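We have chain A already, so just place chain B on it with the hints.
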Amino acid sequence: MKILVCISHVPDTTSKINFTDGDSKFDTNGVQFVINPNDEFGLTRAMWFKEKQGASVDVVNVGGVETEPTLRKALAIGADAAIRVNTEAKDGFQVAKELAKVVQDGGYDLVIAGRESIDYNGAMVPGMLSELIGANFVTNCISLDIEGTNATAIREIDGGKETVTTSLPLVIGGQKGLVEESDLRIPNMRGIMMARKKPLTIVEATDAETETASIEFKKPAPKGAVTLVDAGNLDELINLLHNEAKVI
Amino acid sequence: MSVLVYTESENGKFKKTALEVASYAKAVANQLGTTVTAVTVNAANTSELGNYGVDKVLNVSNSTLEKFNAKSYAEVIKQAAEQEGAKVVVISQSADSKYLAPILAVGLHAGYAPNVVEAPSNTAPFTVKRTAFTNKAFNMTTINTEVKIVGVSNNAFGLVENSASATSEDFSPSIPESGVSVQSVDKATDKVTIADAETVVSAGRGLKGPENWGMIEELAEVLGAATACSKPVSDLGWRPHSEHVGQTGKPVASNLYIAIGISGAIQHLAGINASKVKVVINTDPEAPFFKAADYGVVGDAFEVVPTLIEKLKAFKVANA
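Sequence order for the protein chains is A and B.
Just so we're aligned, residue 1 is where the first sequence starts under the numbering used here, counting upward by one.
Just so we're aligned, residue 1 is where the second sequence starts under the numbering used here, counting upward by one.
Rather than coming from a laboratory, the hints here were simulated on the basis of the structure.
As the structure is a prediction and not an experimental result, all values here were calculated from the model.
Among the hints, erroneous ones may be present.
[Claimed, not checked] Heads up, incomplete: computed chain B residues facing chain A, CB under 10 angstroms, no partners named:
1) Glu10
2) Asn42
3) Ile103
Just so you know, even glycine gets a beta-carbon here, dropped at the ideal spot from N, CA and C.
For reference, chain B alone in the conformation it holds in the complex:
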């Protein structure tokens, strides 16, 4: 009967979203008067989950699951849900979890609500608030099946500490053959990803050319941020496609989004407006982005950004 949560890890370490979905699962379990069971794949140390309300951990260690495979991972979660008799399954909205969710939903005959931003407003009928129209609206959705899957938007619910001591047991689901096999992964391992970043520093055509990105990378480094770019910049080949954020690029839901030399076309805003605090630096005071921003600096990026880097470095030293 417990609430099951899939807590994602990378290289054995839990992602921040894992702790967030655990926090969410605990809130649902409190509403339903039950406990939280987490399922993890190849995680090194699961005790951390106890701090976020997890009572029991099903720990899967399996070398065939070293690389993410949506079908296989969906199968792991499905078998865990069946073993636990879970009526609610909570997942994140990372690219991996979004990939496996519909496969899992069909496997469990479960209704699935994605992009959920708050704890259920009601448990009977089970009602959640989710975003729609690319963050331009919310939709109250009921899930009417016996088993329910909730996909919690990254950075929407936050981390809630709930001291519990999580017991851990090994779990060995049977993994069927998958028809999709990963041949190679091309991923920068030393950089924080746009999906996981607390802060994203993004730049647009106002930077005039790819040779000017040094200061963007430096600003990102000072802030521990991921770098991103607007669509024209990736179309021009100044930056890799994987940095393109916006409606047809990657979605951003960071705490802080800094847009430099980006005018703020509606397609760009659609992809980033789930971010909590938006800062715009632009020479043009009429740039539409200022209407969507929380803080703005009207000025030349080539003057503002280097000064900002120096001042942030000093701030970091003062607050260290």
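Okay, chain A solo, but in the shape it has when bound:
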């Protein structure tokens, strides 16, 4: 089984979110970038398929040279090879189209992406990719087993979960549950050394078209200070929630 794990290069959750160039661009100054958390759960599950079922695992990112340390980290965690599609990621459709070419050229059976990235939260690339390559698609996936070309997945739904069966080729939108947080792997020194020798192939983009464009970023209005209510005066809390906030 050939697995491709899509890796988004995203600002760490604790990053300060600021914008530059007339609020048109995300300000990367001083920002630590990481593997998108939803992708990391998928990558770790892919490692299980590699170790237990002999799968090969490649990772891919659509982005500039600045994303390579994130791909190297995925290699250090255990992926066999990395691919970077050399272009600026502009919208979900363009990224999905670039990924579709990588999947088709590489003949991958299973693509594991995160259910969404924590920067744009679009939750659209995996589904678009599945449509473009004619693969099945299961998102919000919290469990995945593959036997031959048959797959059984559990996915979270509003208010519960459901079990689905499907088959390869398959695109997964993964999340926590595919593996647990405690299963995530911190690259060790050997992994980091080996990652330096693993192939990181740069492929030129197909110049896929975009369908949407980001014009401007805005920050939310600063939040007012909290109104503290004495623990001995909860009638006041109910009064505020009823008359001021009008939520009860």
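Below, chain B without anything else, positioned relative to chain A:
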């Protein structure tokens, strides 16, 4: 040319988000000078949609669509959009709609803007305001394709009544075979879900153990709320994973979010900060959650929560 809206139902009844996206579609239709057509799947009574500005309902009744299937449902909406010549398709951001949206977008060659919080600020170019960076910022996005899909964030636009009388007609799209089939659904049917809840009562490690959740469930019941929990609580197995809210859990965009014994780690706040009003109950006045909250009570949950339950019960009786 009408604006098409997909109005979700469950067990034949419209979800609140369905009425919200209908309200949104009406606002867009007003901007474009056109009408609103809704497409529904196995809804029992569609007249309610008229109250929110829907002019025409395409009613799909099909037993093969009893269980949600993203590919099949995307196909239904695609064929409805094509029949109506819709240039704008409005959907919610429920888990189901988020699942089908990218499939629909490719099918319609449509640009898709998710997490939209306001009516378009401009229709040419078609410009919407959406959240980004897990609600820490907004992004103005233009959709530059002929057909556009707008995903409206739950609880962002609200319900707007617009009396119209919706005509209803049967619609029978052809449903292709789907490669994904649902084997079993495990869902509590008697409980309000985190996605649909107006109020969410959430608790953290401050509760000390799973045996103490009785008062959380009781508070939720009094408020008609869904229960949720922080990540450590689900990691410890005190509560099911499906209750975990936060960056790697479920997103919350309720009107009222009550956090009890949750310190307010940034990963937790990222998942809940789309909620409108946040109340924090915590023993530690330095808990970071107080900085993100609207109302706070510094106190012991084991004293505050039972008292709050009694006072809310009295409030409900007085306001009944």
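Query raised in the report: Which of the numbered hints above does this structure break?
Result: 2
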